[in-house]
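Sequences are here, hints too, so could you generate the full structure?
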Amino acid sequence: MAKPMISELKMIILIGQHLNIVNLIGAVTENIQNNELMIVLEYCRYGSVLEFIRKKKSNFVDSMDPQHDSRQTENLEQSNGGLRTTFQTIDFICWAKQVADGMNYLASKNVIHGDLAARNVLLCEDNVVKISDFGLARSFNYKNMYKKKGKDRVPYKWLALESISDQIFSVASDVWAYGVFLWELFSLGTVPYPGIPLDEHFYHLLHGGYRMEQPRYANRPIYDVMLLCWNENPNLRPTFDKLARVFNAMLPKELQDLRLISVKLE
Numbered sequence: 001m002a003k004p005m006i007s008e009l010k011m012i013i014l015i016g017q018h019l020n021i022v023n024l025i026g027a028v029t030e031n032i033q034n035n036e037l038m039i040v041l042e043y044c045r046y047g048s049v050l051e052f053i054r055k056k057k058s059n060f061v062d063s064m065d066p067q068h069d070s071r072q073t074e075n076l077e078q079s080n081g082g083l084r085t086t087f088q089t090i091d092f093i094c095w096a097k098q099v100a101d102g103m104n105y106l107a108s109k110n111v112i113h114g115d116l117a118a119r120n121v122l123l124c125e126d127n128v129v130k131i132s133d134f135g136l137a138r139s140f141n142y143k144n145m146y147k148k149k150g151k152d153r154v155p156y157k158w159l160a161l162e163s164i165s166d167q168i169f170s171v172a173s174d175v176w177a178y179g180v181f182l183w184e185l186f187s188l189g190t191v192p193y194p195g196i197p198l199d200e201h202f203y204h205l206l207h208g209g210y211r212m213e214q215p216r217y218a219n220r221p222i223y224d225v226m227l228l229c230w231n232e233n234p235n236l237r238p239t240f241d242k243l244a245r246v247f248n249a250m251l252p253k254e255l256q257d258l259r260l261i262s263v264k265l266e
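So in the UniProt record's numbering, the last one in the sequence shown is 266, and the numbering has no gaps at all.
Misleading hints may appear alongside valid ones.
[What the hints assert, rightly or not] Keeping only pairs whose Cα atoms sit at most 30 Å apart, straight-line, the calculated DSSO-like set for lysine-lysine is: (1) LYS57 - LYS157; (2) LYS57 - LYS253; (3) LYS253 - LYS10; (4) LYS109 - LYS10; (5) LYS157 - LYS253; (6) LYS57 - LYS109; (7) LYS253 - LYS242; (8) LYS157 - LYS109; (9) LYS157 - LYS56; (10) LYS55 - LYS157; (11) LYS10 - LYS157; (12) LYS56 - LYS253.
If you are wondering where the hints come from, they were derived from the structure by calculation, not from laboratory data.
Have a look at this one:
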């Protein structure tokens, strides 16, 4: 049991510190010969983004809706001792920008995450999000990719075409997964590819050009970003640096290059 954790610990140490990465606090290795290892990571109070948006779905305000009343997003009252709160589309844009920043940092460290999804992005105080779960992460070689060996379970619905067909993983395949992550956000946590079975036809469906439809709460420019991430040619997908700049530009000017401090998320 400790072996996968040892690999993950080594990867976390290699990665180092970044605002949008879950950072290592310490590890207890004194009983590692007895297959015991404890890893201490920083605490992210609100859990995964996926869990948060599903649990708080009724509090979501679509700020892209022309009928949107900005007064809906204010903290109005206390109820049962806790703050009544909302979250809105601008939060998704802020989270998307932060995750792109974190993934760009990983790429600069020659690391492929391999399992980017809303379930592995954690929400902290001050609306900061952090990428977690490096169990499938790998450092890549001079070819900027690695070819997976073995039979480890993989997040099939988040895999790029080349990862499904040839077991090839790269920063570009992480970009594909980032597009699926965006789709999860703007669909309020819907499972990707709803109604489509994961069978032998799934790859052929994607290879034939099928892509998920525009999610309900994404506008056309955001959906176009998703489609760019899902380009069949890995070389034509945007970089994480580019993605961070795109979403930064979508934020209000007073929030650009800053993390969004939103309402309390009790």
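Comparing the hints with the structure gives:
no., hint, in the structure
1, LYS57 - LYS157, "holds (23 Å)"
2, LYS57 - LYS253, "holds (27 Å)"
3, LYS253 - LYS10, "violated (39 Å)"
4, LYS109 - LYS10, "holds (13 Å)"
5, LYS157 - LYS253, "violated (35 Å)"
6, LYS57 - LYS109, "violated (35 Å)"
7, LYS253 - LYS242, "holds (18 Å)"
8, LYS157 - LYS109, "holds (26 Å)"
9, LYS157 - LYS56, "holds (24 Å)"
10, LYS55 - LYS157, "holds (22 Å)"
11, LYS10 - LYS157, "holds (27 Å)"
12, LYS56 - LYS253, "holds (27 Å)"
Checked against the numbered hints given earlier, this structure breaks hints 3, 5, 6; the rest are met.
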